[in-house]
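Note that the protein sequences, when read in sequence, are chains A and B. With my numbering, letter number 26 in the first sequence gets 26, and the count goes up by one each step, no holes. With my numbering, letter number 69 in the second sequence gets 69, and the count goes up by one each step, no holes.
To be clear, the hints were calculated from the coordinates, so they are not data collected in a lab. Keep in mind that this is a model prediction, so the values were computed, not measured. A few of these clues could be false.
[Stated by the list, open to error] Now the stretches of chain B that chain A is said to cover, found in silico as 3 or more residues with beta-carbon under 8 Å:
#1 92-103
#2 155-169
[Stated by the list, open to error] Residues of chain B placed beyond 10 Å of chain A at every Cβ, according to the derived structure:
#3 R41
#4 K42
#5 L152
#6 G192
#7 L194
#8 K198
#9 L262
Cβ coordinates follow ideal geometry from the N, Cα and C atoms, glycine included.
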Amino acid sequence: MNSLITQIPLNHYIFLSFAIFTIGIIGVLTRRNAIVVFMSIELMLNSVNLLLTAFSAYKSDPNAQVFVFFIMAVAAAEVAIGLAIIVLIYRNTRSIDINVLNKLKW
Amino acid sequence: MNISPKEFLSSLGADIIFLYPEIFLSLIILLYTILYLFLDRKSPVFEFLFLAITIGFSGYFFSTSMNQVLKTIAAGTFEISPINSFWKALLALTLALGIPLFKAEKSHSNEKYPLQYLFMLTMLLAGFITISARHWLLFFVGLETISICSYLIINFYFTAKAHESALKYILFGILASCLMLWGISYIYGANGHLYILKENNCNTLFCRLGYLFCLSGLLFKVTAFPFHIWFADVLEGASYAVGALLSIFTKIIGFALLYNLLSSFSGVLAQDTRLILAILGIITLVIGNFSAIKEQNTKRFLAYSGIAQTGLLIAFLACSTPSNLGAFIFYLIIYTFSVWGMFYFFQRHENKESTLLSSIGLLLSMVSLAGLPPLAGFLAKIQVLLGIWAYEATPVYVFKTLLVIVLISTLVSFYYYLRLPISYIKNNLSLPSISKENKDFLAPTQNDIYFKLSSLIFILPILLLFLVPNLINDYISQIITTIP
Numbered sequence: 001m002n003s004l005i006t007q008i009p010l011n012h013y014i015f016l017s018f019a020i021f022t023i024g025i026i027g028v029l030t031r032r033n034a035i036v037v038f039m040s041i042e043l044m045l046n047s048v049n050l051l052l053t054a055f056s057a058y059k060s061d062p063n064a065q066v067f068v069f070f071i072m073a074v075a076a077a078e079v080a081i082g083l084a085i086i087v088l089i090y091r092n093t094r095s096i097d098i099n100v101l102n103k104l105k106w
Numbered sequence: 001m002n003i004s005p006k007e008f009l010s011s012l013g014a015d016i017i018f019l020y021p022e023i024f025l026s027l028i029i030l031l032y033t034i035l036y037l038f039l040d041r042k043s044p045v046f047e048f049l050f051l052a053i054t055i056g057f058s059g060y061f062f063s064t065s066m067n068q069v070l071k072t073i074a075a076g077t078f079e080i081s082p083i084n085s086f087w088k089a090l091l092a093l094t095l096a097l098g099i100p101l102f103k104a105e106k107s108h109s110n111e112k113y114p115l116q117y118l119f120m121l122t123m124l125l126a127g128f129i130t131i132s133a134r135h136w137l138l139f140f141v142g143l144e145t146i147s148i149c150s151y152l153i154i155n156f157y158f159t160a161k162a163h164e165s166a167l168k169y170i171l172f173g174i175l176a177s178c179l180m181l182w183g184i185s186y187i188y189g190a191n192g193h194l195y196i197l198k199e200n201n202c203n204t205l206f207c208r209l210g211y212l213f214c215l216s217g218l219l220f221k222v223t224a225f226p227f228h229i230w231f232a233d234v235l236e237g238a239s240y241a242v243g244a245l246l247s248i249f250t251k252i253i254g255f256a257l258l259y260n261l262l263s264s265f266s267g268v269l270a271q272d273t274r275l276i277l278a279i280l281g282i283i284t285l286v287i288g289n290f291s292a293i294k295e296q297n298t299k300r301f302l303a304y305s306g307i308a309q310t311g312l313l314i315a316f317l318a319c320s321t322p323s324n325l326g327a328f329i330f331y332l333i334i335y336t337f338s339v340w341g342m343f344y345f346f347q348r349h350e351n352k353e354s355t356l357l358s359s360i361g362l363l364l365s366m367v368s369l370a371g372l373p374p375l376a377g378f379l380a381k382i383q384v385l386l387g388i389w390a391y392e393a394t395p396v397y398v399f400k401t402l403l404v405i406v407l408i409s410t411l412v413s414f415y416y417y418l419r420l421p422i423s424y425i426k427n428n429l430s431l432p433s434i435s436k437e438n439k440d441f442l443a444p445t446q447n448d449i450y451f452k453l454s455s456l457i458f459i460l461p462i463l464l465l466f467l468v469p470n471l472i473n474d475y476i477s478q479i480i481t482t483i484p
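Chain B extracted, bound-state conformation (with noise of 0.2 Å):
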């Protein structure tokens, strides 16, 4: 495993082909910074640049994800498949999303926007280079960048409550990213290398107790139950922008991350992990769920119901195989465009704004969340819940326990669900609290033009996806038979 610089270089060199995705995102993020340094800050061309790159990049890597053979580059240090390029493009395509709610929301000081913007790119570099690493120290460092970035863009709300969110966020982030330095010691101490390889099986505690510590760093990332005490905190301070930010981009990242590690356990150490995350999995989702029910505050309602749909991700990774993988790849996309679209909506009732047009959307996505018929959701949903019913392994209580708790907290969840669209068309268009002092940084009606087609944008996939699921199900299932 030990390998010269020259031979690293050398390795590079021939591979470099296969990096230009990255390297062209690191020339673009210069780029932005020298307009950002010169060009006017309330200039378009922020915007455009930003929603070019995103839309090319999606595009980019959900065209040739097909043709991509699993390859790893830079003496094993990054790898290329195609599972890796469909999260490299789904993570493009969430950012591209997030554009007309960083548009509808300027904050206090309209300046310093196109730097959010900046930020966002790096946490989309910082993506690419996470999901594709192979060894601990790009994991690492990929992953503290995201960190990085996400603690910098709470603060561009500029309001007490924010940079308070930021500094138990910046805490709780430090302190999960300990522990997963921790496990890495541990892990590098029993393997003897930094290589996270495709096959990793241990047959002593000190290794076990390693991944385990390991796992709290991308707990931390999708708020599962140890470390979900940040969620609601960081929420209720930040703006409806960066919190969608938070709870979807981070989240994908986290749950990425998380398969690709527990896709390549093996033994002992699989059916260990397996079991921490289904138990880990109802404590989640009873917190979520039970703290949802009660909630007053929208905000931390939003949090508490992201807490859930991460406790549902969680018990379905505990019985993920390669065969069901199609349904946790079609849950996240439908979850992308319903949370975005949720956010939207509350954004545009917090601004005043709200219209027939926009009570009927948050009413649709969150349907779609709760997973209930004429909407995609529903679709994920079953899936997810079947590819629990089918999965047997060996202490028989725990995962009938988790089937038992994820049916209850999805019947839970259509009560809280449904409640705040029904009471926000029932009581005139008002929800139960709305902080009347973040008002001031709200952006002035917008075109209605404009509304109407981000609204579009939301609403269609989760009603069309309903009623020919066929559009991305067939890329889904090309791409599983790739994996090995």
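Same shape as in the complex, but just chain A (with noise of 0.2 Å):
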């Protein structure tokens, strides 16, 4: 398994995951609907998650694949928050367009 992944050179991952993370990026900064944002900040985590085990599958040393699981469950914690917390703006405004979010300054 581990020979299968390290066939392909680690630049490769590297770049792969970088386009991941801007993607995540320009989707965090160009959507306007609160849950495509945290669609799109997942994106960002999950193309970390892709880069740590992959520098871990080629040094082999399994200390970052542990990292990615706490990755992965602290993620999921931000999340549920944030979807929480839209649930109560949706109750405010019947909405959930990140455009309605105006009562402060931006």
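Join these two chains into a complex; the hints should help.
Listed below in structure tokens is the structure:
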């Protein structure tokens, strides 16, 4: 299994995860729907996970893979809180568009 | 660096005695949760327990920090040292000082408010772990636990604005922590392990880029330049108590971690990081000060003045050496008392409970933050300015520009810190803007003696430490001698 992963050069993993990370950032900055913004954030976190796993496989060191599990757990907790806040905002405004968040000066 | 689980457990078992404070605090949090489920939500037990724990931990860490020796336990992932104990003591003290504000600001639904204390205790535990962490995993999990608790605690104000500011905070927070994780993965790729060593130097751009990204998570916590935008919005939506918590507790954690990280850098990495911090400090100072001048909303004003203070401290961090760390610590202690005081007296005013004592208290704490003589803030600021003055580094023009900007912004800050209390006294105790909609959620008039007592807690230290700074200076100099 390990050899299968390491057949692909490490640079490819770095470029791929960089591309996914950039897509995530662009999504956060341009999308107007709060749930899509959170999905973009998940994309960014997953690109980090991919990068850590790739490094971990190349160094044959399992520490980073454990780190990935922790990142997943923390990300799940954060997104759960984010969705709860979105529900609270939806009750006030009947919308999950980021543009309705204009009570405070941006 | 690879350790088998068996070795790790035996190493942990041998040094478990050093982890007793953290284990004890975890048990207390469990107890608190059980009490919350079974006790009446308005019972005073919650406040007393919270106060006892925070003061107890503060006293414990202050008293034991002297005779501790530098030691890493749990297979090098957790560090015990006098300076770390000092940071932990300061964090516990910060939470203990917040009690008068949280008590005066009963949230919309009274039943929920013990949960705020529960989240604050969790933040304290996470702070203890993060400050001692010598492994990126502990570091990341601790920092995120603090963030998650702060996202939750904003919502307890139960207004549309509070929810909006919570959403903005969580979006910015996750973005910053994503950048930090990206940095950690680069560092892992370059170093091949996840430990935060005592000596970090890297010659490749790849690795330096990793550390740069990694700083972003901490710069978010201390509201420095690229990540300062959230602060004014979040503070405007949050209540005074939570706003003060965000501008003191998370900032102290951020600065402690920034200092720990910066002191472990060496060679080219340290030079680069100092240069970047100096430039960020300049920009943060300019943005904070000039936004604070024209700001009319009280809470946003508090946020921008907080950003300006961050700029000063970031600038000082860029020039920090082990010998002038004392000024940094002294500044943070004074900052804690002054900012809690400032938020407390503003809250009194918004509660329509302002008296002569509260307006004088506001004047004193803001003058202390501005750094004028009869108060301890003067001593703190002059030490910081002298530290920046004495620092010699290679790109001279950057650090001299830094000094000039710091001096100018100190002058500017006199204007906006004095403007509010003076107009406050002049215009028959009225402030530029007080939001009317929040008034329903505030507590009715409190006991007068209780108010005087809590005002004294905030005012007395900043007066006393100006007259006899040796009260803490001896302690600080002893702490500093232990740093290698």
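Quick rundown of the hints versus the structure:
no.: 1; hint: 92-103; verdict: violated (count 0)
no.: 2; hint: 155-169; verdict: holds (count 9)
no.: 3; hint: R41; verdict: holds (20 Å)
no.: 4; hint: K42; verdict: holds (24 Å)
no.: 5; hint: L152; verdict: violated (6 Å)
no.: 6; hint: G192; verdict: violated (5 Å)
no.: 7; hint: L194; verdict: violated (5 Å)
no.: 8; hint: K198; verdict: holds (19 Å)
no.: 9; hint: L262; verdict: holds (23 Å)
Comparing the model with each earlier hint shows violations of hints 1, 5, 6, 7; every other hint is respected.
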